[in-house]
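Undergrad: Spelled out from the first residue to the last, the chains are:
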Amino acid sequence: MRKLWHIFRLMVQGERKALLRGLALSILVLIMGVSLLGLSGWFIVAASAAGLIGTGAVFDVFRPSAMVRFLAIGRTATRYGERILTHDATLRALAKLRVTLLAALSTRSHDRLIRLRGAQALNRIVADVDALDGVPLRLFLPLIAGGMTQLLALVVLSWLVDWRVAVVIFATFTCGGLAVVLWGIRQARQPSRRAESAAQAFRSRFIDLVTSRGDLTVYGQLPDQVAACQVAETRRQAAATTTDLIERQAGAGLMVISALAAGAALWIGGGLAEAGEITPARAAIGFFAALALMETVAPLRRSVAEMGRMIGAARRVTELTDVPEQPERRVAPSGPVSLRFDAVTFGRGTAAPVLKDFTLSVEPGEWVALKGPSGVGKSTVLLLAAGALVPAEGRVCLDDLDVADFSDGATTLVGQRAALVQDSLADNLRLAAPETSDAELWAALDAVALRAVVEAKGGLEAQLGPRGAGLSGGEARRLVLARAVLRKPSVLLLDEPTEGLDTATADQVLAGLRRMLPDSAVLMAAHRAEEQGAADRIVTLGA
Amino acid sequence: MLKTLLSGQQRAIKTASYLTALSALLWLPQAAFVAGVFSRLLTGEGGVGVATGAVAFLAFAAVRLVLNYLAEGLLFRAGQAIVTQTRQEILTREARTHGVSPLGGPGALAALAGEKLDALLPYITRYAPAQTRVMTVPFAILALAFWQSWAVGVVFLIAAPLIPVFMALVGYAAQEASERQMKEIGSLGDLLVDRLAALADIRLLGAAPRLIGQFEQAADDLRARTMAVLRIAFLSSTVLELFAALGVAMVAVWVGFSLLGELSWGAYGGGITPWGGIFLLLLAPDYFQPLRDLSTAWHDKAAGLAVAGELATWKAHEAEALMGTGEKVAPLSGSADIHLQGLTVQRGSRSIAYPEAHIPAGARVALSGPSGSGKTTLLRLIAGLERPASGNVQVAGQVLGEDIADAWRARLGWMPQAPMFMGRSLRHNIAFGAPVSADLIDEAALKLVLDALPKGDLTVLGETGGGLSGGEARRVMLARALAAKPDVVLADEPTADLDRETADRVTEALLALAERGATLIVATHDARLIAKMDQVIEVAPERSVTGPQGQEADHA
Numbered sequence: 001m002r003k004l005w006h007i008f009r010l011m012v013q014g015e016r017k018a019l020l021r022g023l024a025l026s027i028l029v030l031i032m033g034v035s036l037l038g039l040s041g042w043f044i045v046a047a048s049a050a051g052l053i054g055t056g057a058v059f060d061v062f063r064p065s066a067m068v069r070f071l072a073i074g075r076t077a078t079r080y081g082e083r084i085l086t087h088d089a090t091l092r093a094l095a096k097l098r099v100t101l102l103a104a105l106s107t108r109s110h111d112r113l114i115r116l117r118g119a120q121a122l123n124r125i126v127a128d129v130d131a132l133d134g135v136p137l138r139l140f141l142p143l144i145a146g147g148m149t150q151l152l153a154l155v156v157l158s159w160l161v162d163w164r165v166a167v168v169i170f171a172t173f174t175c176g177g178l179a180v181v182l183w184g185i186r187q188a189r190q191p192s193r194r195a196e197s198a199a200q201a202f203r204s205r206f207i208d209l210v211t212s213r214g215d216l217t218v219y220g221q222l223p224d225q226v227a228a229c230q231v232a233e234t235r236r237q238a239a240a241t242t243t244d245l246i247e248r249q250a251g252a253g254l255m256v257i258s259a260l261a262a263g264a265a266l267w268i269g270g271g272l273a274e275a276g277e278i279t280p281a282r283a284a285i286g287f288f289a290a291l292a293l294m295e296t297v298a299p300l301r302r303s304v305a306e307m308g309r310m311i312g313a314a315r316r317v318t319e320l321t322d323v324p325e326q327p328e329r330r331v332a333p334s335g336p337v338s339l340r341f342d343a344v345t346f347g348r349g350t351a352a353p354v355l356k357d358f359t360l361s362v363e364p365g366e367w368v369a370l371k372g373p374s375g376v377g378k379s380t381v382l383l384l385a386a387g388a389l390v391p392a393e394g395r396v397c398l399d400d401l402d403v404a405d406f407s408d409g410a411t412t413l414v415g416q417r418a419a420l421v422q423d424s425l426a427d428n429l430r431l432a433a434p435e436t437s438d439a440e441l442w443a444a445l446d447a448v449a450l451r452a453v454v455e456a457k458g459g460l461e462a463q464l465g466p467r468g469a470g471l472s473g474g475e476a477r478r479l480v481l482a483r484a485v486l487r488k489p490s491v492l493l494l495d496e497p498t499e500g501l502d503t504a505t506a507d508q509v510l511a512g513l514r515r516m517l518p519d520s521a522v523l524m525a526a527h528r529a530e531e532q533g534a535a536d537r538i539v540t541l542g543a
Numbered sequence: 001m002l003k004t005l006l007s008g009q010q011r012a013i014k015t016a017s018y019l020t021a022l023s024a025l026l027w028l029p030q031a032a033f034v035a036g037v038f039s040r041l042l043t044g045e046g047g048v049g050v051a052t053g054a055v056a057f058l059a060f061a062a063v064r065l066v067l068n069y070l071a072e073g074l075l076f077r078a079g080q081a082i083v084t085q086t087r088q089e090i091l092t093r094e095a096r097t098h099g100v101s102p103l104g105g106p107g108a109l110a111a112l113a114g115e116k117l118d119a120l121l122p123y124i125t126r127y128a129p130a131q132t133r134v135m136t137v138p139f140a141i142l143a144l145a146f147w148q149s150w151a152v153g154v155v156f157l158i159a160a161p162l163i164p165v166f167m168a169l170v171g172y173a174a175q176e177a178s179e180r181q182m183k184e185i186g187s188l189g190d191l192l193v194d195r196l197a198a199l200a201d202i203r204l205l206g207a208a209p210r211l212i213g214q215f216e217q218a219a220d221d222l223r224a225r226t227m228a229v230l231r232i233a234f235l236s237s238t239v240l241e242l243f244a245a246l247g248v249a250m251v252a253v254w255v256g257f258s259l260l261g262e263l264s265w266g267a268y269g270g271g272i273t274p275w276g277g278i279f280l281l282l283l284a285p286d287y288f289q290p291l292r293d294l295s296t297a298w299h300d301k302a303a304g305l306a307v308a309g310e311l312a313t314w315k316a317h318e319a320e321a322l323m324g325t326g327e328k329v330a331p332l333s334g335s336a337d338i339h340l341q342g343l344t345v346q347r348g349s350r351s352i353a354y355p356e357a358h359i360p361a362g363a364r365v366a367l368s369g370p371s372g373s374g375k376t377t378l379l380r381l382i383a384g385l386e387r388p389a390s391g392n393v394q395v396a397g398q399v400l401g402e403d404i405a406d407a408w409r410a411r412l413g414w415m416p417q418a419p420m421f422m423g424r425s426l427r428h429n430i431a432f433g434a435p436v437s438a439d440l441i442d443e444a445a446l447k448l449v450l451d452a453l454p455k456g457d458l459t460v461l462g463e464t465g466g467g468l469s470g471g472e473a474r475r476v477m478l479a480r481a482l483a484a485k486p487d488v489v490l491a492d493e494p495t496a497d498l499d500r501e502t503a504d505r506v507t508e509a510l511l512a513l514a515e516r517g518a519t520l521i522v523a524t525h526d527a528r529l530i531a532k533m534d535q536v537i538e539v540a541p542e543r544s545v546t547g548p549q550g551q552e553a554d555h556a
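Heads up: the protein sequence lines correspond to chains L and W, in order. Numbering follows the UniProt record's numbering, with no gaps: position 363 of the first sequence is 363. Numbering follows the UniProt record's numbering, with no gaps: position 519 of the second sequence is 519.
It is worth saying that the hints were derived from the structure and are not from the lab. Just so it is clear, CB atoms sit at the ideal spot from N, CA and C, and this is done for glycine as well. Some clues are possibly wrong.
[To be verified] For the chain L half of the interface with chain W, some residues (derived, Cβ under 10 Å), not all of them:
id : residue
1  : P64
2  : R205
3  : G220
4  : L266
5  : E277
6  : A343
7  : L460
8  : A462
9  : P466
10 : R467
11 : A484
The task is simple: from the sequences and hints, build the whole structure.
TA: The following block contains the structure:
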C-alpha cells in the first residue's frame, strides 16, 4: 500500500491541478447523484401527501422540480468533465512515467545496460505502467471522493431525516465497504500478482520464440519453447480465475452492503414515520439517498482484483525509478583535448584484471592504434576512455579532468556493434547530432565512401529495418563512422573501424576520417595493417 | 470475425445473458414493495408494512445478487476460454511458420497475443448480456408504465429510440479511433524493442536524451489516441445519460404534479395513486439503464472489432509453413550426402536459381557470392527452414520434406549470422538444458569469457548478445553448434566482423570438426576462409530465370 501511495504521489506531482479538480468534480458528481435521488423521492412522496390532504394548491412544485432538472443535467455534465479531467491527467502521468522509466534505464551502468533485454524492459515500460492507471482512477480518487461524500451525507441526512438513519447508512457503507475491500485485497493480492507475472513471462517467452524460431527449429527446441509459453499462459489463467472469483465475491459483498444500507434506511425510516416521528417524505429521502450512495463503493470492486497487479507493478517501477541522483556533470569539451590513462587497473568478475597499470596519452590530432591478441582488453580500454567503465585504480582523464565527470558523449565511441535503429538513414545519422544539415550529412557520407551506397538506396530518406536491417555489415559500420564524424568529436574512439571493408575502401575511410577531424585525439583498437598504418603510434597490449 | 471468436462459448454467454436480464427484471417486484411501504405510510391503507417491505426488498436483493454472481462467473470463464484459445492459436501458428508477419516485429506480435487479446474480454463479458437486457427490461417497464399512466409510457416511448440511433452514429467513430489506438500500441512496442537493443551504444554517443525525446513523442501519441477513444466513449455516454436524466426528470415532474392534483391528464380514471407514482419513479432510471449499458458495451465492441480486425489480418497472411515440427527426434540415418537439384526460390518479384551441386559427407564447402545473392537462403533451404519454389534438396538419399525434416535437423549444427540469445541463462542458450562440458568450453575458447561474466554461464545476456563482444557471441554460437555433435555444420558468415585472430580461431574450430568427419558448409565473403575449403559453390546474383530452372546452373 505504501508503494502505491508513493506511485500515486509521483503521478500527482506533474498533474496536481488537474487531478485535484478531477477529485472535486468526482465528489460533486456523487453529491449531485445523492441529492437528485433523495430530492426526487422526497418530492414524489411529499407531493402525494399534499395531494391527499388537499393542500396541493399551496405546495411549491416549481422549485423542487426545477432543482430535479438542474441536478439531472448538472450531474451528467459534471461527470463528463470529471472523466475527461481524471483520465487525461492519469494518461499524461502514465506517459511521463514511461519516459522516466526509460530515462532511468538509460542511466544504468554500461555493463548492465548491454545485457538489458528488450522484452523485459518492454514489460516494465508498457505492461507495468499500464497496470498503474488504476491507482488514481480506481483506487485513490474513488476512495477519497467516496469517503468525503459519505461524511457529508452523514451530516446532511442527520439534519434532513434523522440521526439514526444517517448513522446506520454511514456505518454500513464505511465499515462494511472497507471490510469487504480490505478482505478482497488481502485475498486477491497473491493471485493477481501471479497472474501479472505469468502474463509477463508469456510475453518474454513468446518474443524469444518469434525472434529465435529458426535456431530453435534446427536444434529441435521449438516444442519446448511453445510449451514454456503455454506453461506461463496456464499459470496466468489459473491465477486470473482465482482473482476473478475473489473479485466477484467482493462485488457481491459490496452489493450486500448496499442492499443492507437501503433496506435498513427503509426499515428504520419507515418505522420512524409510522411512529409519527418524521414524515414519510423525510423517510423517503433516507431510502433514496442510500440507493444513490451505492455509487461511492461500487468502483472499489475493480481495485480489489487489480491490487496485486498494481502493487507488483508499483514495486518494480519504484525500484527502477529509484536511481541515485545523477551528479551534475560537465558539458563535453568542444576544443582540442588530450586523452590520458594514468596507471589504470581494471578487471571483471573472478577473472584476473584485464588491464594493469596502464598508462597512455593521446594528444589532439594524434592517432594511436592499440594492437594485441583478442581478449587482451582493447575494447576495455576504449570503454574506459568513453567513461562507460570506471577504473578500479588510476585515472582516465580528458586534459586534467576525470572523463567520468563529463556528461555522456564527451568522447565518441564507435563500437563493434553498429547501433542503428528502425528509422530513415538521415534520422540514424542525426541521432547524435540533431542540428545537422543535409549537406553536412552528405559530406560525412563522402568521408566514409558511402555516398554511392546511400544514393543507390534512394537517398537520405531511405528507411532502415529493425536494428538497421537492410545494410550489409560493412555499410552499417561505415554509417556509424559517418555518424561519429558529424559529432566533430574532440576524442574519437574506434573499435576496429574498418572490419569487413576491403583494403581500398578501408584506406579511403581512414583518410576521410583524418581529413574531417584534423584536431581530434583518436584512439583505435586496430587489427588490420591498414588501420595500424593509419596511426601515428602503435601501442601493443599484453606484450 | 468477432462472431467466429465467440462461437465456441455461445451457450455459456447466452445463459449468462438471460441470468443478468432476469436479475434486472427482479428490480420490478423489489420496487413494487418499496412503493408499497411508502404508499401505506402515506395513506394508512393498502400497500405493505415497513417490516414486510424491508424484508422483501432484501430478499429480492439477495436473489438478484446470486443471479449476477453466477452470470459473471459464466461470462468470465467464457471470456478466458476464448482469449486463451486464441492465444494458443497464435502461439502454435507462429511456431509453425517462418517469415515476417504483416503486423510487424515480435513486439507487435506479442502485443497482439498479450494485451490486445485481453481487450476482447470486456466485449465478451458485456455486449451480449447488455443486448439481452435491452430486449427485455425496457419492454417490461414500458408495459408497466402504460398500465399506470399513458403519459409516462409516451415519454419512455419517445426517449428510447433516440438512444440506439445515436449509438450507431457514435459506433463508427469509436471503431475508427480504437483501430488507430491499437495500431499505436503495436508500434510503440516495436519502437521500444528496437531502441532498447541499441540503448547502451546510443548512450555512448550522448544521444540518449534525443532517443528519450523521440520516445516521449511516441508515448504522448499513444496517450492522445487513447484519449480520443475515451472522449468518444465519454461523450456518447454523457449524451445518453442526458436523455435518461431528462426522461427521468420528466417522469418525476409529471408524477409530482399528478399527485398534487395539478394535472388531470395522463393517467386513467381517478389519476395516479401514490403507489403508482413512486413505483414509476423507481422504474424510470432502470428503463434507461440497459440502453446505457449497451452503449458502453458498444465501445467494448468497437475495441473488440479493432482487435478482431488485426487477428483477421494476421490470419489471412499466408506465412510459409514450417517443414516438420521443430521437435527433437532421432537423427536421420544414412550418409550425410547433400544434393541440390534445380533449386529456385521466389523473393518478391525476383527469383533466385541455385546451381546443381553435390556435397558429399565430410566435404568442406564455401558458398560464395556478393551480399544479397541468396547464400543465407541456401543455408536455410538445406536446413529445411525454407521451402524451394521448385527443385529440391536431397539429404542422405531422400528428398528433404515434412517427414524427414526434423530427423535431418537432428544431425545439423547451425551458426546464424546474427547471434540471438534467449532470455535464459547462457548455459541454456548453449546446450538447451543439457550440461555444458569442460571440453566444449575449451573447444570454443569460452573459459575466459565465462569468467568475466557476473554469474558465469548462468548470466542472462541481451538479445543480440549484449555483454559479449561480437567475437565472443560468435564463439557461443559455435559452442552451441558443437554441443549438438553435428554431422553437418551450416555456418552463415562465421568470421564476418571478427578480427583476424578471432576469425582464425573460429575457422580452426570449424576445421577441427571437419577433421572428425563432419560436413562443413559456410556462406562467406572471407577469402582466407574460402581458401581452406575443398569446394566453392558460387551463388550468382540476380539470376533471372527464363528457361527451365537449373539449365544455366554452373558447377563449382
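Undergrad: Quick check: which numbered hints come out false for this structure?
TA: 5, 6, 7, 8
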